[in-house]
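> Next come the chains, spelled out residue by residue.
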Amino acid sequence: MAGSSTARLSTVALVVAAVGICVVYLTTQISVPPAYAKVGPTVFPYAVGAVLIILGLFLLRDAVQQRWICEATDPDVPRPDFVPIAWVVGALLANLVLIERIGFILSSTLMYALVAKGFGARRIWLAALVGFLLALVAYYGFARVLNLRMGSGFIEDLL
Amino acid sequence: MDAFVSLAHGFTVALTPINLMWGLIGVTLGTAVGVLPGLGPALTIALLLPITFQVEATAAFILFAGIYFGAMFGGSTTSILINTPGESATIVTAIEGHQMAKNGRGGPALATAAIGSFVAGTLGVIGITVLAPFVVRIALSFGPADYFALMLLAFVTVSSVLGSSMVRGLTALALGLLIGLVGVDLQTGQARFAFGQLELLDGIDVVIVCVGLFAVGETLHLASRYRSTREEIIPIKGSLWMNAQDWARSWKAWMRGALIGFPIGSMPAGGAEIPTFLSYFLEKKLTKNPEEFGKGAIEGVAGPEAANNASAAGVFVPLLTLGLPTSATAAIMLAAFQSYGINPGPQLLTTQPDLVWGLIASLYIGNVLLLVLNLPLVGLWVQILKIPTSYLYAGILIFATIGTYGISQSVFDLALLYGIGLIGFFMRRYDFPTSPVIIGMILGPFAEQQFRRALTISQGDVSVFFTRPISLTLIIIAVLSLLTPYFISVARNARRRARQHI
Chain F
1050 MAGSSTARLS
1060 TVALVVAAVG
1070 ICVVYLTTQI
1080 SVPPAYAKVG
1090 PTVFPYAVGA
1100 VLIILGLFLL
1110 RDAVQQRWIC
1120 EATDPDVPRP
1130 DFVPIAWVVG
1140 ALLANLVLIE
1150 RIGFILSSTL
1160 MYALVAKGFG
1170 ARRIWLAALV
1180 GFLLALVAYY
1190 GFARVLNLRM
1200 GSGFIEDLL
Chain X
596 MDAFVSLAHG
606 FTVALTPINL
616 MWGLIGVTLG
626 TAVGVLPGLG
636 PALTIALLLP
646 ITFQVEATAA
656 FILFAGIYFG
666 AMFGGSTTSI
676 LINTPGESAT
686 IVTAIEGHQM
696 AKNGRGGPAL
706 ATAAIGSFVA
716 GTLGVIGITV
726 LAPFVVRIAL
736 SFGPADYFAL
746 MLLAFVTVSS
756 VLGSSMVRGL
766 TALALGLLIG
776 LVGVDLQTGQ
786 ARFAFGQLEL
796 LDGIDVVIVC
806 VGLFAVGETL
816 HLASRYRSTR
826 EEIIPIKGSL
836 WMNAQDWARS
846 WKAWMRGALI
856 GFPIGSMPAG
866 GAEIPTFLSY
876 FLEKKLTKNP
886 EEFGKGAIEG
896 VAGPEAANNA
906 SAAGVFVPLL
916 TLGLPTSATA
926 AIMLAAFQSY
936 GINPGPQLLT
946 TQPDLVWGLI
956 ASLYIGNVLL
966 LVLNLPLVGL
976 WVQILKIPTS
986 YLYAGILIFA
996 TIGTYGISQS
1006 VFDLALLYGI
1016 GLIGFFMRRY
1026 DFPTSPVIIG
1036 MILGPFAEQQ
1046 FRRALTISQG
1056 DVSVFFTRPI
1066 SLTLIIIAVL
1076 SLLTPYFISV
1086 ARNARRRARQ
1096 HI
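These protein sequence lines are chains F and X, in that order.
Quick note on this note's numbering: the first sequence kicks off at 1050 and runs consecutively.
Quick note on this note's numbering: the second sequence kicks off at 596 and runs consecutively.
Among the clues, some could well be false.
Stated by the list, open to error - Where chain X lies over chain F, by a calculated footprint (3+ residues, C-beta under 8 angstroms):
1. 1054-1066
2. 1090-1099
3. 1118-1125
4. 1144-1151
5. 1173-1181
6. 1201-1207
Said to hold, decoys possible - Example chain F residues on the side facing chain X (calculated, C-beta under 7 angstroms, incomplete):
7. S1157
8. Y1161
9. A1184
10. L1185
11. F1191
Hint data in this document are derived by calculation from the structure and do not stem from the laboratory.
Beta carbons are placed, not taken as given, at the ideal position from N, Cα and C, and that holds for glycine.
Please model the complete structure; the sequences and the hints are all you need to start from.
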């Protein structure tokens, strides 16, 4: 178990360092107007990239020396439950796909029902009803009181 | 004494019926989100940022201040009654408070927390009133190099204070700095890290990051473990009121907690965790009943709660006088200031006296409102905890969606929100603190601006950071705190010990 957790932590550390390398690479692609050559727009990005690479190496050291205690590697914490996560992620994806097509209210109602299902709600029709009312109230609250444009949709156009 | 005259003026601003109403809405909303595990003031204020387009600044900040303090009160209620500290600052409260609740003394535990918060809030407001003009006088002599050095110091201290590992804190901060870099560079018009996406040219909105990390990330995290962790609410039995002995044991702890909390909160380091732990260990040392510690000692609730509240008040000193946020909530408030076109800094006290002193007075009024409204109504607040997890988190996602999609109507932003939520989930799993991300993304652009301004003045000579006494001192302190992980290991051991108690 200790070996596999070291491997996972090392992966996280390497991801951090890899992000740093990407930042440095992307920064080399930013063209600098010569007038700003001294303190141009690339100084901070280079610094952030370098810091991320260094921190990645420090994290790697923590991982190898097993000084990194966290939920993901704590043997006392039960393994993550992937079924509910899958429901929630599915709900989010459905919302992304549908929100422009059927409008915020219907799309959010579906998301609500799916998330509630993922969290173990039994009466899914009740969840859908609550979600619909909540989305309606939220739509009114935000769209009307705060004057945000929430886009159109089947229900939105009726109001 | 000028400051107290200004404060009195602030009370006339805050006590108008309309502002009082905003304060009342704020503390009510704040308590509700504070009671709910996993929700916090930063998230709530982020979702309400669009209000800054609708109401004037003073009213908005009175609302936000109410949320801030209300959430703290609600958070301690949850720690005491169900032993799930919503934020790290209430871990200590949970140690003794939950034991008291189990012994049927939940009422006095809540009472000492509420009255202690009130006492500490009062001392905190006096502290701000005295300290803020003083800090302003120092800050007026700050040049760009000094500001940059100050932010560097804040970066280091904030990363080590908010979280259990400095390396992970700094990683979170660097991630925030990176997010802050995205978009068009204001000085040269160069796009950075925008990948040719129109949506990214304006930069990433702090609302998206905050809501993504705190709402979406939290929901995913809870989804991964709700079936294996069951929480039990301990009903409040017996009297709510403290008896004579409770008072006698509490009042000194409140005072000491406030005196520890306020100075630490007002330092550029911030963080409520260290003062609450310090207060806890101080009370444990000074108590006449050491055998009760770990079994429900009232001093162990009174002191840390006061320290927590006083440090929360202290955070306003660097925020208002230097424009330096040291907590996620303060960073969001800075974003709200920006939305009004106001830049907090030493001039703020003279240019916006109504706003600043009205805000400070409303901190006090908020504490009074919390005391009179929430303690008697605690039974009602506990009802919120009975909302089924499934409905609660599904609802949170609806508000997260509306808070971001409502601003931009952009599916791209929504995807960004959910993506950041996924990152937040992994950050929780691997114990990276999330607050430094928010602080980094808000403060990063300011730091870069001051850095470049300093070098423009010095014509590219880097020595400017090491020849000005203020800047040099701040940089030395920053380097020292970077190289002295000793204090952090002390805090880490304290936290580990505390976890074992729970």
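> State for each hint whether it applies.
Checked hints:
| no. | hint | result |
| --- | --- | --- |
| 1 | 1054-1066 | holds (count 3) |
| 2 | 1090-1099 | holds (count 5) |
| 3 | 1118-1125 | holds (count 4) |
| 4 | 1144-1151 | holds (count 4) |
| 5 | 1173-1181 | holds (count 3) |
| 6 | 1201-1207 | violated (count 0) |
| 7 | S1157 | holds (5 angstroms) |
| 8 | Y1161 | holds (4 angstroms) |
| 9 | A1184 | holds (6 angstroms) |
| 10 | L1185 | violated (10 angstroms) |
| 11 | F1191 | holds (5 angstroms) |
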